[in-house]
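Given next are the chains, with one letter for each unit.
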Amino acid sequence: MTEPLIYDISVPGRCGASLPGVDVPQTPLPAELLRKELDLPEVSEMQVIRHFVRLSQLNHSIDKGFYPLGSCTMKYNPKINEDMARLPGFAHLHPLQDDEGAQGALALMFQLQTWLAEIAGFKAVSLAPAAGAQGEFAGILMIRKYHLDRGDTQRTKILIPNSAHGTNPATVTMAGFTVVELPSDENGDVDLQALKAACDDTVAGMMITVPNTLGLFESHILEVIKTVHDCGGLMYMDGANMNALMGVVKPGQLGFDVMHYNLHKTFSTPHGGGGPGSGPVGVGEKLVPYLPGPVVIQVEDGTDDEPPLYGLHMPEKSIGRLKAFHGNFGMHVRAYTYIRINGDEGIKDVTRYAVLNANYLRVKLQDTYHIPYNRYCGHEFVLEGHFGDAPDIHALDISKRLMDYGIHPPTNYFPLIVPEALMIEPTETEDKQALDGFVDAMKKIAAEARENPDLLKSAPHTTPVSRVDEVRAAKQLVLCCRPVPEWAE
Amino acid sequence: MGSWKTPEDLKYTRNDEWLRIEGSIGTIGLTDYAQNQLNDLVYVDLPDKGDTLKKGTAICAVESVKAASDIYAPISGKITEVNQALEDEPELINSDPYGKGWVIKFEIADPDEAADLMDAAAYAAYCDSRE
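Chains F and Y supply the protein sequences, listed in that same order.
In terms of the numbering used here, the first sequence has 471 at position 471, counting the first letter as 1, and numbering is strictly consecutive.
In terms of the numbering used here, the second sequence has 1114 at position 114, counting the first letter as 1, and numbering is strictly consecutive.
One-sided and incomplete, this derived list gives chain Y residues near chain F with beta-carbon spacing under 8 angstroms: (1) 1042; (2) 1065; (3) 1066.
No more than 30 angstroms apart at the CA atoms, straight line, and that leaves these computed lysine-lysine pairs for DSBU-like: (4) Y:1100 / F:475; (5) F:196 / Y:1054; (6) F:145 / Y:1054; (7) F:457 / F:443; (8) Y:1105 / F:475; (9) F:64 / F:348; (10) Y:1005 / F:475; (11) F:317 / F:250; (12) F:364 / F:348; (13) Y:1049 / F:157; (14) F:145 / F:226; (15) F:475 / Y:1049; (16) F:196 / Y:1055; (17) F:79 / F:323; (18) F:157 / Y:1055; (19) F:286 / F:323; (20) Y:1005 / F:457; (21) F:157 / Y:1054; (22) Y:1078 / F:157.
For the record, the hints were derived by calculation from the structure and aren't laboratory data.
Note that beta-carbon positions come from the ideal geometry of N, C-alpha and C, so glycine has one too.
With the hints as extra help, turn the sequences into a complete structure.
See below:
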């Protein structure tokens, strides 16, 4: 990589900032808090801009190329979202502004809560969770509090199919429950016998990802939900894969009690590179009083002349706050915008095209790669990244080689139930040319794997950084490329 | 295919742990098949000496470049020794899964619990069936 570190272009005495004069009395910092040396780069504004623009151009991004990173829904983020989020009334609003002075923002949050609830068939939604994992955590804490409030204290287990997202077991453990892993059957569905055997009065609920990490819609979903409800457990749906359901299936109507949405996946807010994320939770009737707060409510009805008055409210038995203030509000603006620009039919189209694109790729690639559980999929599918007649080639090598074709690798080695897994999610925003380009690249790589395996083993060849030593990167956590200063030791 | 080492003197679980029984002391590790599937190990979250093992529940976790995975107790007991070398060299599990890559030794609570574990031939067949 040719771009130097910003410290290496530093010139002593150079300064890119010009601060206004002090217009308040100066208060010196206590001497013991002052450092003699502060190792900051000394650069001009132009140097800063060029350095970081060049770095950004070394990255792959959805604005630059195809990004079929399964499970992550790397769809295009419409630029109008950014326009709306930068409206001064939103962008400059202080989180401690009183409700009367923030009515526009509260109206937007109220509307977004209402739309999200409608899209997934739930009674109410809280926008508070800052990310998907926090939404999961909130959901499981609500289930916990619901049982405890009823004096149902022996429920200590949560069931999780082995095709679930990896965050699900982590969430359950964080919330103080024990995970019971359920096997999948030969179709990639939950093994119903195992489910029935596991259901008793110690089960607090089940966490299930729909469609699951194989991209498959659970064939017996109603039976799964009924079985868990019959033993007194509640049903949590991991809604990270709502891009396969939005506008078509309402999880609340299927019987789910709680679900989180990933605004940064399904609803086109930025994903990766710090987002930030946003993971609202939706609930059925039973859990409404337990929602994390604050939620936005209508305090006074509107009239013909006056809009309604909105306010913040802490639900009566709330599990409490998950973070300061009101969730990641900037993401609420973007998701609201996304729903508005798509509208009712557009939202359905998003799902239809996401599912169509994934199935198009699945069928185009099924003769070249082995696809276990090869049936009609949702928004993504999983194939095996190895060949019987090229035993040295692994999913990782195929992933790395894809980078040479200007394509971001699919998610690899997940889900764990498929060996050498490559998990492919094209999303709805790719056109046929982009999909065909991917199919071509995958077929060429399959041929290269037999004819010239070294080309794959040593890939990538065209990226700023070639093959990295993943073992060393994971074991030697030295992230500072300059000597660690004395004060930080 | 079918090239995994499966020493004759060990018992095996469906979660790919091996168990060596020497008198009242058991030793647990990950099998050759498991280390091959996991790929290069980068971290072992070792348990503590004195911890109690319950058959079928997680003892500790291992992390590889591909995945994090739990090690489950093949039978119950109490940990008497932990392989501290894995702290700095988790790759011992890759290079010598049945030797230097052992994970814990423990006092066996009930040797009869080992009755439903697989022998080498059954385990080798089980590995092949997943290829």
